[in-house]
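> Since the structure of chain A is already known, use the hints to place chain B on it.
First to last, the protein sequences are chains A and B. My numbering puts the first sequence at residues 341 to 1124. My numbering puts the second sequence at residues 2 to 142.
Be a bit skeptical, because a hint or two may be false.
[Unchecked claim] Straight-line distance between alpha carbons at most 30 Å, and here's what the computed BS3-like set of lysine-lysine pairs gives: (1) LYS71(B) - LYS933(A); (2) LYS7(B) - LYS887(A); (3) LYS467(A) - LYS440(A).
[What the hints assert, rightly or not] What the simulated footprint calls covered on chain B by chain A, stretch by stretch (three residues with Cβ under 8 Å from a Cβ of chain A suffice, anywhere in the stretch; the number is not a length): (4) 9 to 16; (5) 48 to 62; (6) 77 to 90.
[As the list claims (entries may be wrong)] DEER-style ranges, computed between Cβ atoms: (7) ASN41(B) - GLN600(A): 29 to 35 Å; (8) LYS933(A) - LYS71(B): 26 to 32 Å; (9) ASP682(A) - GLU33(B): 39 to 45 Å; (10) HIS12(B) - LEU584(A): 55 to 61 Å; (11) GLN757(A) - GLN72(B): 51 to 57 Å; (12) GLN53(B) - VAL582(A): 14 to 20 Å; (13) ASP682(A) - ASP82(B): 19 to 25 Å.
FYI, nobody ran anything at the bench for these hints, they're computed from the structure. We put the CB at the ideal spot given by N, CA and C, even for glycine.
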Amino acid sequence: MYVDYKSILVIIRHGAGMNDEIDGYDEIIKEFLAECSEHLDLLDKGFVIMEQNTSDRSTLAEIFRSIHTIKGGAGMLAFPRLEKVTHAAESLLALLRDGKLELTTEIITCLLKTVDVVREMLELIDKTGADGTDEQQQLIQQLLDLQSPAPQKGSTKSKKTKTKAGTDKETTPEPTIFNEVEDNASEITIFDENKDKIKMPPFIKEPLKEPVQVEKTQPNDTSVDSKSTGSTLDASIRINVVLLDKLMNLVGELVLSRNQILQSTYAASDSAFVAITQRLNLITSELQEGVMKTRMQPIGTVWSKFTRIVRDLAVSCKKQVKLELYGKETELDKTLIEAIKDPLTHIVRNSVDHGLELPEQRLLAGKAAEGIITLKAYHEGGYVHIEINDDGAGLSAEKLKAKALQKGLISLAHAEQMSEREAFNLIFLPGFSTAEQVTNISGRGVGMDVVRTNIENINGTIELHSKQGEYTTIKIKIPLTLAIIPALIITCQKSRYAIPQVNLLELVRLDINNIDKHIKYIKDAPVYKLRDKLLPLIYLSRELELKNVDVTAANDCLNIVVLQAGKSELGLVVDSINDTQEIVVKPLNKLLKNIPTYAGATIMGDGTISLILDAVGIAKKAGLLGRSLELNKKSSDTAVVEELLEKQMLLLLSVGPIPSLAVPLDKVERIEECDAENIELIGSQEVLQYRNAIMPLVRLSKFLNVEQAINTDSTVQIIVHTKGSHNYGLVVDKINDIVEGSFRFDKHLKRPGVMGVSVVEDKVTEVLDIEAIMQEVIPLYYSD
Amino acid sequence: METIRKICTFHIDNFFFGIDVEHIQEVIRYQEMAHVPLANAVIGGLINIRGQIVTALNMRERLGFISSDKQPMNIIVRWQDSLVSLLVDNIGDVIDIPIDEFRTAPENVKGNFQLLLKEICQIDEDLLLILDVDELLKIDN
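Chain A on its own, in the form it takes in the complex:
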C-alpha cells in the first residue's frame, strides 16, 4: 500500500490549531511553493510554445503534468480554491491532450490567466498560509465553458468538485490511501506523537484519480517523454543561495590558505610534505572550480520569462512580435543574473511598446508586419555581452533632443552641439520619456536611468545604437567578476601589484643595451616597437605617482607587461615580474572605488595586501584612451560646418614653419629615421632603399611649398605609408606626438592634400590626406 508521508502530515494538519506545532510543516509548504513556482514558469513558456505550434504534443503533455502536480499538491495540503482552479484547467487540458478539443488563442489566454491566478494564490499562501477567499467562480466558469465549443451555461459541471470518476476523462484511477479514507469515514481519528486523539473534520470529498506521487512520477515521466525540454526537476536539488555564498567565501579563504602553505613549502625541504601540499593544491583548485560552477546559471533562466512577457505585451499593444534568443546557455553568476533581470525586462518591454511599430505602419514602411526582437548573449574578453535588438522604428536624435529641451534637461546650445550618439544617450537622463502616451507598461520615465544605474552597479556598461526607421540595438557588457582569478604579480617600487591574466597579452624583457634600439621617443612619449606594432609605453611608477622614481632603473633590463586595455594594446613598464597566482578578488571600499586604476585588492599568501590593477583605468590615466578634447569654446564659429568623427588616432608632426600638422595614424605604417646620405636619386625622384625595395620619397615641405627646416644632425624623419605591398615615404621635419580623441573636422578650409582642419591641444592643426598627397606628387608610383 502506498503511503506518502506528506499525506499523513496533512491529515494531522486538519486537526484544528495543530498547524504551528507540527515540525516541518512550514518546510513542506515552502517546498510546495518553490516547486509550484518552477512549474508556473514552465507553464508560461509552454503555453507560448503551444500557441505557435498547436500540435506540439510533448509540450502539451508537460503542461498537463505541471498543472496536475500543482493540483495534487493543493489537494494534499488542503488548499481547496487552488485545487478547484487547477482542476478546472486540468480538465480542459485533458480534452486538448486527448485531441477532443482544438487549441485556440482564447483558450491559451484563459489558461495563461489561470496561471496568473494560481500565482496570486500561491503568494497568498506564502503570506497568510491559506489560499484566500476568492473562489474564482468566473475563471472556473470560463475554463468550463471552453471545454465545449458550444457554451453550456449553468451546467451541472460547474459544481465539478463533487463529480464522480466517470465524467473525468483522466487516466484510470489507482486506489490510494486517500480514496480509502474518503470513502470510509467522514471523521477520522488519528493519534499523534503524544498519543492524543485528534478529531478530524470532514475531508475534501474530491476523488484523486492519480496518486499524487510528486517525487516518484516526475523522473519517470521525463524519461518516457524523450522530447521533454530539459525539465529542471531532473536530478537537481534546490539549495539556499545564502548557503552557496557561504561556501564560496570558505573556498576563497581555502585558496588563500593554500597559497600561504605553498609559499612556505617552497622553503621546506621535506619532500613528503611538499607532495602533500601539491595534492592539497590540486584538490583546492578543483573544489574552487566546482563551487564557482554551482553559482553559475544560464541566462536562459531570465529569458524564459520573456517569451510570455513579449507575448502578452504584443497582444495588448496589438503588435506582432517574434522573439529570437541566441546564447541562452551563456552562464552568469547568480548575483549578476538577479541584477540584470529587471533592466533586461524593462528594455525588452520598451522594444515591444515603443521600438516596434504597429503592423500597418511596418507594412507602409516596407517591412514585414511581424517585428523581430533579438536577444544575444555571449562571453568575450572576460565579459558577458548582452545585445537586445529590435527592427523597429529606431531612435530619432531630433525627437530626443526636442523632448529633452522641452523638459529643460539640456540647454539649447548643448542641443545644437550634440552628436547623434550623445542625443541617444539622452534617454538615460532621469525623468525622460519620449512616449507620446506614457503607457502603463513602460515609458514612465523612470526606466532607462534606473536601468543604467543598475548595470553600472555591477560594473557593467550599456550602449545604444540605432538607425532611424530601421533598428535599435542596446549593448550591455558585464564583467565576469568571478571572485577568484588568475593574475600576474609584479613589483613596482617595492610594492606588489596584481594584473588579471585576462588583460595580459605577453611579457617582454628588454636588455638595457637594446633599449635604444627598440624604444623610440615621440616627443616625450616612449613607444616600443613590438614586432610590427608601435606599443605605447607607460611607466607604472609614474602613473601611480610614486616618489623616488628612477626611470632608467638600476636594473639590467626593462620589464614590459603587454596589456590589452579595451581595444588598445599598451606596454606597462614595471620593476620586476614575480609570478602568476590565483588570487581572491576583494572589492575596494566605497572610499576607494572611484580610483580608476584599481580593480580591487587581494590578500597575498603572506597576509600582505596587493592592489589589483585595472588595465583600462591605467591606460585612461596615461591619456591613451579617449582623451575627449574640449573644443576651443572661444572659437564659436557657427558658420563652420562641423562633422563629428569617431575616435581617431592622429600622428602630430611639424614641417618648416608650420608647427602642427597631423596624419591619421591608421595611414601610417611606420615611423623611420634615416641618414640624409642614404637618400638617393632616380632621375629627379628621391628614393630610399628600404626593406629590400626602393621606396619613393615625398618631401612634405615641397608639397606645401614651405622651407624645410634644417636638421643639424642630418637625420631625416620619414612617415612610411603603405598601399598594397608598396611603401611610400613622406619626409617631415619632426614627429611630435600621437593623440587620440574625437575631433571635429572643418571641411571648409580644405586645401589639396588636406582632409580638414581641427583643433588639437588648443592649436589649429591641418590634417593631411596622405593618400591624396602621394597621388598628386608621385602618381606614377602610387596608382599601381
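Just chain B, lined up with the frame of chain A:
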C-alpha cells in the same frame, strides 16, 4: 528612553575625541598597512583583518593635524555595509555619559571641523569632542 550613551574615546595630540560605541566593531593595535597610491591623502592604506580588507583613514590628516611618525592604533568602525579603520594616536576608555551632558558644538568652530563635530561634553577637566562618523567618511577622490 536611553539615559546614557557609551562613548569610545581616543586621543590625537592633546585632543580628546569620542565616537558612539554603536558604530565601533573593535579596536586593535597597529597593523601593517598597504599604501594606496593615487588615493586621497587622508587614506592611510589598507589593512588585513582576519581576511577582510579594511580601508584605514588617517585621522590626523582628516582632522587637520600634521603627520606624525608614531604608529597609530586602529578603531574599526562599521560604515555602510563595510568596515573602515580610523587611525588614532591612542585609545582611551569607553565611558558612560548621561544624555543631558551633551552639548552642541559652539558656533565659532571653524568650517570643516564644524561638520565633523557632532557634540561636545565636559568630562572632568577635559573637553570631549564627539565626532560624526558619516561626516568623517565623506571624502573625495
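> All hints are to be evaluated individually against the structure, with a verdict given for each.
Going through the hints against the structure:
1. LYS71(B) - LYS933(A): The hint holds at about 28 Å.
2. LYS7(B) - LYS887(A): Roughly 43 Å separates the two Cα atoms, so the pair is violated.
3. LYS467(A) - LYS440(A): 39 Å, violated
4. 9 to 16: violated (count 0)
5. 48 to 62: Our answer is that it holds, as 8 residues pass the Cβ test (under 8 Å) against chain A, meeting three.
6. 77 to 90: holds (count 3)
7. ASN41(B) - GLN600(A): 29 to 35 Å: This hint holds: roughly 32 Å between Cβ atoms.
8. LYS933(A) - LYS71(B): 26 to 32 Å: For LYS933(A) and LYS71(B) the Cβ distance comes to about 30 Å; the hint holds.
9. ASP682(A) - GLU33(B): 39 to 45 Å: 43 Å, holds
10. HIS12(B) - LEU584(A): 55 to 61 Å: 45 Å, violated
11. GLN757(A) - GLN72(B): 51 to 57 Å: Holds, since GLN757(A) and GLN72(B) (Cβ atoms, about 55 Å apart) stay within the stated range.
12. GLN53(B) - VAL582(A): 14 to 20 Å: 18 Å, holds
13. ASP682(A) - ASP82(B): 19 to 25 Å: Distance hint for ASP682(A), ASP82(B) holds at roughly 21 Å.
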